[in-house]
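Asker: Chain residues, written in single-letter form:
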Amino acid sequence: MTSTTMAENTASAATKVGLATGAAPFRLIRRGLVYLLLSIAAFISVFPFYWMVVGATNPSAEIIKGKATLGGSLLTNAATFFAQVDAPRIFFNSAFIAVIATALTLAISSLAGYGFEMFRSRVRERIFGLLLLLLSIPFAAMMVPLFVMFSQAKLVNTYVAVILPTVASIFIIFYFRQATKAFPSELRDAAKIDGLKEWQIFLFVYLPVMRSTYAAATIIVFMANWNNYLWPLIVLQTAENKTITLILSALTSAYTPDYGMILFGTVLATLPTLIIFFLLQRRFVEGMLGAVK
Amino acid sequence: MNRIASRRGRLLGLALAGISFFSVAAASAGEISVWVWDKAFNGNTMREAGALYTADHPDVTFNVDDSASQDDIRAKLQTQLLAGSTDGLPDIVLIQDDIAQKYLQSFPGSFEPLSDSIDMSVFAPYKVAAATYDGKSYSLPFDSGVTGLFYRSDYLEAAGFKAADLKDITWDRLVEIGTEVKAKTGHLLLDLDLNDTGVIRMMMQSAGQWYFNADGSLHVIDNAPLKKALETYAKFYQAGLVKPVSGWAEYTGTFTSGEVAAVPVGVWITATIKANADQSGKWAVAPIPRLDMEGSVNASNQGGSSWYVLSSSDNKAEAIDFLKTVWAGNKDFYQDILIKRGAVGSLLAAREGDAYKASDDFFGGAPVWQDFSTWLSQIPSVDYGTFTAEVDSAVQAQLPGIIAGGDIDAALQAINDQAQQQMQ
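Protein chains in written order, with the numbering used here: chain R, 1 to 293; chain E, 1001 to 1424.
Just chain E, with the same shape it has in the complex (with noise of 0.2 angstroms):
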């Protein structure tokens, strides 16, 4: 009820406007700052590269605050470009891929297009294109979503698989290979959550598709790669192969309790999985399983972000030197944030280092890094849209009906009808 302000309230506001008491200074000048969301990954990684700048710009600095949520962020940044005013907004701010054309196509002119001073080339290529907007590259592309399928080697030994019969393989295999999993040690193969669509759009993803077409109009009924996954989706269960969960922690503590066999997932769920060291050796990554069909390939992403500078920036020149510089520039600076923080950029360089060429014990001491890598410039480009987060819900509210075996066909068309709804 508090909230709610009273004409009255905003009067006062105004009369008192003089009186600037408990105001704080803006960011001075040489001081880059950064919105970040969380403090161990993102933060702490720009930490860094920002103070391997200082140590050669002095006059550099840098603040980057960890102290909001994704969803905070994307809050702020939309109340306060539409009220057109960039008072206290950063230098840099991090947007996660799929939401940014939301963004840079509400906002023409928020945002510099960095690919007028960086080379884009250097970049995984579907990092690039989901900030491509009008022609202009406008991110510095920073972590990748490159998945894989990660899965409890010990219990799929034990069925009788070694790591060469989960290398590309498509999904329907994965769907025969879990029963005989469930079968001989009677493991379940995944866990799931109806509430998120991840699974389904790094399936769409492999074959180059996603929910829209090139004029961004909704591209569901006809979509070919999304029927297919909404199958696949529904095979895993009826095969009686998954279990349900809900919530993000449920959902870790499943596979990681090892409860199930495997979790087809993006490269930053390794940090969650490692920090069981009990269960060293006992892991392994295989390339993620692809649809049945012509197009779709053994590589896919979920998740992943970067780095936009805002226009209103006072200190634009140096946050693009920056960005240019460390992360468009510095090899051994994406070895260090694999090593400490478990990221794995967009640099399709950095392959080339000391860090990227290491086994892991962990994963049976196989070269993980240079797998997913291998992985990460095989991702097909696709155009996120705007509307995104919109399809999503809409898929979400057909999956129960899905699983139980419903006709995918009119659940396309009862996605298609929700999102046209929701888009006007």
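Okay, chain R solo, but in the shape it has when bound (with noise of 0.2 angstroms):
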């Protein structure tokens, strides 16, 4: 909608100047073209979104059938989600391990983070650049030696076996240095001059200053951990431990699915990474943009 409008103002600023200048109709229908595009380019990225949430109120058949508008079968649908799946101890996992897991990651990332950014030494480069090199290996080539680790730990299907492997995450390592480059070393030295210790310069200066960094990160590593599949099929053995993610992978996989049921637990599983997001939407933005002002 607001593209539309928006296209429409361009389009008749666009005619007011054309009327001097012989270039202008090529530049009208330049930006026409332009959102055209990006009229396509949003339709695109918001159908998924809309038929998730369209879907989950009517019933499989209707779905099946391409109906595209709201129906009367949320109630329905939440019946049977609830029904069929211990919705509490699931979504309980979920949130727990996802807690936890971002948690333990910004703590133990950050702290990386400023660590090689702020004590510098070639070794420390080496290390970082071998951690770097880690990122291109793929994840389903570590899986079988990392279940043999936490298998003979005596770790198999617990929350711990989950959340451990995720905690020292590289990327988010080298995003808190990137980051960290811009934090002005003034701060550091007068912060040393007034007799902080190094601990005390990361909690109480470091911390604040960064805040955008940790709301950024916190929606990238809060989301990649409610979405994480692949190590958690393996390592999760019961049901009663298994995450919504994993759950609704084995509702598709039915015989005959409910197609009304599986998009209203899609829905509902979708909820708790918007809401971070759009509480944290702000400094999101900011963090990404740089965090130091």
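Hints are computed from structural coordinates only; laboratory data are not their basis. Since the model is a prediction, treat every value here as computed from it, not as a measurement. Don't take every hint at face value.
Stated by the list, open to error - Derived pair list, reagent style BS3-like, types lysine-lysine, alpha-carbon separation capped at 30 angstroms:
#, chain 1, residue 1, chain 2, residue 2
1, E, Lys1182, R, Lys65
2, E, Lys1340, R, Lys154
3, E, Lys1182, E, Lys1136
4, R, Lys67, E, Lys1243
5, R, Lys65, E, Lys1235
6, R, Lys65, E, Lys1227
Using the hints, put the two chains back together into the complex; each one sits in its own frame.
Answerer: Here you go:
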């Protein structure tokens, strides 16, 4: 909607200018094309979301036929979902794993990022380079050895097994290191002169200054953990320990899937990430643009 | 990005290994755990079997877990067997027949040979053959994918065809029938998905062939039934009888909405078709057509799965005794799961029960279960080998060219080359 009105405004503005210059019709067409493409792109990215919400209100048979308008089966779908899935337990699993993993990841990875940037040395650069190299190893290649480790540690089918491999995230370390480059070293020097110890500087100076970076990282890490699929799939064994992502996948593969019920579950599973995103949205954008002003 | 664990994470993992908070106790003795992938079908069927056994053996209970999809179960089995760690694996697991050989051959010793303690001659021979490796059979056969040609009797009658006209015909004859149905009623004959080789595989199996030789090597280039199947597949498209679909939802939606006149498919589709109660009496089932060549019969298979006992199980003896008592011995149980879940088991004697003898008004009062169990015993045995999935995807890659009238021999060569590459 907004993009159309904007297009109209720009179009009329362009016409006015166009009276004076001969190149205006071209600009008009170019503008038009740009907005057309943007509208198409916006439609493509919004439509699946719309489809998911609308699907949750329709019975399975209607969804298969391609009905894309609101229906009256929301309550039926909800009832079926809650009857088939132990929702409180499953959502608790997902939330517990995602929250603890996010907190630990932020704590450990931001410390590492801070350390790599503040205490530079040739050896540490080597280690950092090695870490970046590790980013290129696909997880599938590490799955079997990782499983052997957790199996020997008797941690298979526990939350710990899901959380531990994610807490030292190389990407987040890298992200914090990049952000720390913008952290004014004068602040640290001043704090040192005032007699603060390194951990105090980190806690009382660095952390408040970098809160936008933390906010952005929270969204990224929370989403990755909430949606994490492959490793929880392998390491969680019993139904009562599984996360919502795994349960949704299982529901989809039934011989006669109830799409209305599945889409209802999908909407529920999307909510937490959505809420976190909207709560931290302003900071997220700031964090992405560069945290320190 | 977070899936990538750093070394540090792993070291920490070892360091914290001693703290096993949140750890969940292993399955208690006397509890048989089972992994299945569909709550309504194989899940509830297994729960019912378990309840029957527990009634006579109160010390043995069952924990049927249907919280993973079939792909998920495969991924877990594969990872754990590769890791050599059987921690948390169930006592009994359901595996689809056409993938079973992969597990039996890749992980020898991981599954219990059931033919040592259970008489396999009571089951449909082709099901037993699918799980036989090195002279021993490892599975307790569960649901059969015995195929039939489900068709809209009202459409065919309108075009002048009776049930007898569809009995024991060839696929070529079906093309002729379909052409007339389309001309007289306007309905297309079939809906087919180019990403699904199901129909081609059932055609091939009806002639007792699969993608492989006895020694496991590829049997594609001079595989006459496969060539014939691809030719026949192309004929449906060239005669304009196919509604192209994509994905499972559209595939089932097309024939349940009455858009096409027929669907050649495994018996497990019955529940999906019967879910549309308003179409009662408008459907019928004929034997699956055969290929127009020597050795092809009017019986084949699509899908189906079986129970396997893991050697790592702490309850092996109980699990095997359970399978033997209920699944290999209780005829009444098979009547029950047929009525309640539409599950056609592989126990040949089940056909003597009441449920199998009953006729079904949905299918015009025909004794469809008796028919299916007759066809079940006629299905040719084939060796599904270990690389069916790889050849399948090679076949899929050639289908668009084949239906456009491309050269079949060239396509077979291309399938052979692509599959060969992936099998190395």
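Asker: Are there hints from earlier that the structure breaks, and if so, what are their numbers?
Answerer: Violated: hints 2, 3 and 6.
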